[in-house]
Each structure stands twice: as structure tokens, then as C-alpha cells.
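Given next are the chains, with one letter for each unit.
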Amino acid sequence: DGGITQSPKYLFRKEGQNVTLSCEQNLNHDAMYWYRQDPGQGLRLIYYSQIVNDFQKGDIAEGYSVSREKKESFPLTVTSAQKNPTAFYLCATRLSGTGHNEQFFGPGTRLTVL
Amino acid sequence: AQTVTQSQPEMSVQEAETVTLSCTYDTSESNYYLFWYKQPPSRQMILVIRQEAYKQQNATENRFSVNFQKAAKSFSLKISDSQLGDTAMYFCAFMKHSGNTPLVFGKGTRLSVIA
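Chains as they are written, first to last, in our numbering: chain E, 133 to 246; chain V, 260 to 374.
By construction, these hints were calculated from the structure, which means they are not laboratory data. As the structure is a computational prediction, the values presented were derived from the model and not from experiment. Check before you lean on any hint, since a few could be wrong.
Here are a few chain V residues that face chain E, going by a calculated C-beta distance under 10 Å [what the hints assert, rightly or not]:
1. M270
2. V272
3. Y292
4. Q298
5. R302
6. E311
7. A352
8. K366
In silico EDC-like cross-links for lysine to aspartate or glutamate, where the CA-CA straight-line distance does not exceed 16 Å [to be verified]:
9. V:K355 <-> E:E234
10. V:K366 <-> E:D170
11. V:K366 <-> V:D285
12. V:K329 <-> V:E288
13. V:K366 <-> E:E234
14. E:K203 <-> E:D186
15. E:K202 <-> E:D186
16. V:K337 <-> V:E276
17. V:K332 <-> V:E274
Calculated from the model, a selection of chain V residues having no Cβ within reach of chain E, i.e. all distances over 10 Å [claimed, not checked]:
18. E276
19. D285
20. E288
21. P300
22. S301
23. L306
24. T319
25. L343
26. F364
A virtual CB, placed ideally from N, CA and C, is assigned to each residue, including glycine.
Sequences are here, hints too, so could you generate the full structure?
Below, the structure written as C-alpha cells:
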């Protein structure tokens, strides 16, 4: 099946630990995005990548890091520097080119830091 | 920078009735896209409808339609014949026309459809 996979669906970590959220896609899309969702805040951009080995910071990048070594994968690491990491994290992809304007979303990962 | 404002945090509508969700945005771009996304309790984001700014005709998808007023920077969503399955968070979003730029989202409107 074509799609976007985020695993796991629920993730629990102790305070002070780094944690990596997975995002994998087999849609052959060029661009990938990470958004954070908090109650009453909508979705806010953390990082995005338009091509392999390149990525840009979003509005709330502090305390997060990413890599884009393969087209299919865009993992997000939540570091201990992120002051309030408990949130719902959504990965999205988009195909490049004129007329391809839709972003497709994965099912999300709920991270809870205890 | 672009901003998107949804001024209605919560709304409710009776089943089979019509409801309109409001969205305003601010941008200096002349060409862009606007979207409405739906997020049901499963939390999966689903595209409801999109509008290209250079198209004057309002987009329509079955029971969903928009009222796009470019000069006023307004982009409202009308849901006709509301169904229980329409209960969800609805997000208005903006995207520049060029490049793989990210979406800019409003804070959302929680819509409840009442039987």
C-alpha cells in the first residue's frame, strides 16, 4: 500500500531522554514536513525538507533535530533541550512540481514525557 | 510572514442544517493556495477542499463549498446538510504558490454535529 507511516502511535519517555520519531513514505514524494499539534494551537511547523540531505528550520525548531539521508525517511529527534515535548506530532509529504499542491499526512505519534 | 486566523474555537450545528466556518489570512503574496483540512477524533488529517487564489470561482466538493474573498482575505467553509460524521476539528491553511513551502495553519474550529 502507498502511504505514510509513523511509528509508534503512542510513545512514552522519561524527562531528559532523547527520543526519535519515525516517518517513512513510499509515495516517492520529494518534500517532507514535521508539525507539532497542541490543544488550541493548531499545527506548527518544526522542520521541513525539500530534497535529500537538505532541510530547513520551521517556526519552533528549538530542541528538535532531523535528518534526510533517504528520500523515503525523515526522522525527528526530540532532544532533552525541548522544554515541553509532550504533544501530538504529524509528518506530511508533498510531491514537487506545478499543480502538486496537496500535503498528505501520516497518522501521527502522541509523545508523552513523564 | 503569513498568518491565518480562525475566530470561532467551537461551533455546533443540528444534523441536516448548514454551518459556515470562518477564516481570514494575511499575506503579501499575490498567488497562493488555501485549504480546509478536517481532523476527526482519529486525528488523521483529511483534505476537505482547496482554492487557488488566481481562480475567482469558489471551489465546491459535494456538500462542502467555500466563499473566497481575495480582497478581504477571507476564506470561509460552508457545510450543507451536516452529518454526524462531519464532527471534527477543521483547520484553515495557507500555502505559497511557489516551491515546496509548508502550510501555515489557523488554530482550528471544533465542530459538533448534533442529532
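Each hint, compared with the structure:
no., hint, result
1, M270, "violated, 15 Å"
2, V272, "violated, 21 Å"
3, Y292, "holds, 5 Å"
4, Q298, "holds, 9 Å"
5, R302, "holds, 5 Å"
6, E311, "holds, 8 Å"
7, A352, "holds, 8 Å"
8, K366, "holds, 4 Å"
9, V:K355 <-> E:E234, "holds, 12 Å"
10, V:K366 <-> E:D170, "holds, 10 Å"
11, V:K366 <-> V:D285, "holds, 14 Å"
12, V:K329 <-> V:E288, "holds, 11 Å"
13, V:K366 <-> E:E234, "violated, 19 Å"
14, E:K203 <-> E:D186, "holds, 11 Å"
15, E:K202 <-> E:D186, "holds, 11 Å"
16, V:K337 <-> V:E276, "holds, 11 Å"
17, V:K332 <-> V:E274, "violated, 30 Å"
18, E276, "holds, 26 Å"
19, D285, "holds, 15 Å"
20, E288, "holds, 14 Å"
21, P300, "holds, 12 Å"
22, S301, "violated, 8 Å"
23, L306, "violated, 6 Å"
24, T319, "holds, 17 Å"
25, L343, "holds, 22 Å"
26, F364, "violated, 4 Å"
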